[in-house]
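Asker: Read off the chains here:
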Amino acid sequence: MKGDPAMSPEQKRLIKITTSIAATVALAIVVALPVVYYMTSYRYMQGALETEAEINARNVAAIIRSNPDLWRHETLRLEELLKRRPRGGNAEIRRIYDKNGELLVESADQLHRPIISKSYPLKDTDVAVGKIEISRSLAPLLRRVVLVTSVGMVLGAAVFISLIMLPRRALYELKEADERLQRFAQNLQETNEELKSFAYIISHDLKAPLVNIKGFAGELQMCLQELETILEKEPERSRGDDGKRIDEILEADVPEAIGFINSSVSRMDNLIGLILKLSRLGHRELKPEPVDLNDLVEGILKSMAHQLEQKCAQVSVAKLPQLVQDRAALEQIFGNLLDNAVKYLDSERPGRLEIWFEERHEEHIFNIRDNGRGISPDDQVKVFEIFRRAGKEDVPGEGMGLAYVKALIRRLGGQIWCVSECGVGSTFSFSLPSTEDGW
Amino acid sequence: MSMHQAVTILLVEDDPGHARLIEKNLRRAGLSNEILHLDNGQKAIDFLFNEGEYAGNGTRVPLLILLDLNMPVLDGYQVLARIRGDERTKRIPVVMLTTTENPQEISRCYSLGCNIYVTKPVEYESFSRAILNLGLFLSIVKVPEEV
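For the record, the sequence lines run as chains E and Z. First residue of the first sequence: 1, per this note's numbering; consecutive thereafter. First residue of the second sequence: 1, per this note's numbering; consecutive thereafter.
Read the hints as simulated data drawn from the structure, not as lab findings. Predicted model, so just to flag it, every value in this text is computed and none were measured. Every clue listed holds true.
Facing chain Z, a subset of chain E residues (Cβ under 8 Å, in silico): (1) Ser203; (2) His204; (3) Lys207; (4) Ala208; (5) Val211; (6) Asn212; (7) Gly215; (8) Phe216; (9) Glu219.
Each computed EDC-like pair below joins lysine to aspartate or glutamate, with the alpha-carbon atoms no more than 20 Å apart: (10) Lys277/E to Glu101/Z; (11) Lys99/E to Glu54/E; (12) Lys302/E to Glu331/E; (13) Lys24/Z to Glu219/E; (14) Lys43/Z to Asp75/Z; (15) Lys196/E to Glu101/Z; (16) Lys392/E to Asp378/E; (17) Lys12/E to Glu179/E; (18) Lys343/E to Glu398/E; (19) Lys123/E to Asp98/E; (20) Lys392/E to Asp379/E; (21) Lys99/E to Glu133/E; (22) Lys311/E to Asp394/E; (23) Lys196/E to Asp75/Z; (24) Lys24/Z to Glu226/E.
Heads up, the beta-carbon is just placed ideally off N, CA and C, and yes, glycines get one too.
Here chain E stands alone, though its shape is the one from the complex (with noise of 0.2 Å):
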């Protein structure tokens, strides 16, 4: 990962910037701990030098009361009361000066060097006789203190590590998904690609053989055409059973079959087209303008006022709010929603249509709800498909209307779905983000 080309300036500056602090932190660590752990320790053996000290003078001092002018040469006493001391203690040198500063007495241990001192005055009724001192080694403190340093550089070192490796390991973990990302963006602009060279190969290589096949039956119908005026010339010839088997060839069989042709081509021409039609969609290029929704139901109700009125449908419109959208893909939505609600109202009572919408966390749901004839919970999904139709197919239709309106709201950024029963109605919502709203 050192030095990796892939990274960009910005990661190579976090780094940078984390890979100081965390020398920071690690220096700080390697230093302090010694430190603070030296002062401490140095702190508390005088203290306790003090004390003994301290505690020591205390006892000199019963002798001295009881002897006040020959303490000093009371040596044996003095000499057992210095080492009276707890066993295990730490080895000591201990001291007792006059008032002259003349060595009375001590107790001595071998001690290293460096040497720490402290004494305490010894005290006749307040005045002062002589000082007590004692003295330990440094010695094994700074052993200690080593010790300390060595385990602070460990634990430094391991601090400065992974606060160096998170960041780093973050950073490819970030790259990896990256990467990720960009494979499955890859796989779907291939996916993309296919799909348009898919509606290639239908628009071209399938209709090639669709001119052929419709042309040559027209050709066919020619040539039948052609026939039948020679025939007609021709009044003499055989009136048998042949005779008018070969009328019956002319004039039935023949031209069923080229009909079933024809107007089998044609379904499949209009297939095709409706396939091109949808793949097209996803090129066209959207022209987001301001749109007033209000106005826009409002026009696709008025174009679709006579088949209203066959239905005997009211119509009840909520306030809609205004969009930043594109103006023919939203009236194709709305057209061809409220175009199926009236279609597939039940003839048996008077249709109701009701739009409304609301507003979500950053998306418009509209709502559209009929008291239709209902989609049974099987086709609810299947509506959506392309050439699928749900329920009787008393109504004319390709098929093709809500595949469109599907593909169009998933091209604006929104989602369609319809909640619906039979016999009751259905209620088809679609969301579109708000994001551009127009306000």
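Since the structure of chain E is already known, use the hints to place chain Z on it.
Answerer: Chain Z in isolation, oriented as in the chain E frame:
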């Protein structure tokens, strides 16, 4: 009509069925010109520039080219670009034939310099009509003289 007899129609079309239908309809429209059918773009280039299997032939002019857009090897765009890019052939009228009415394709053909554009509709009647109209158009078109 007789003054246009000399115009040879070069039909470049890879689908034999389409070629036959176009020829039949042109004849039905009353065109009696010689129709030369080539089934790919490379052959058309070879023929026009006396290359490959047509090397050594003198260029036959005047010509009119009916060119299919969607062909293997060299497609209609490439052939059209070669025709318009060469001093010897750039004045030859070119009629583009295609199966779709994709606006992008149409505008690309015009920007490359085709004279007209005819879609091959599946509806036989309209196809016949298109070819018939084309035949009528061809019967009145005056091929510009070579300078």
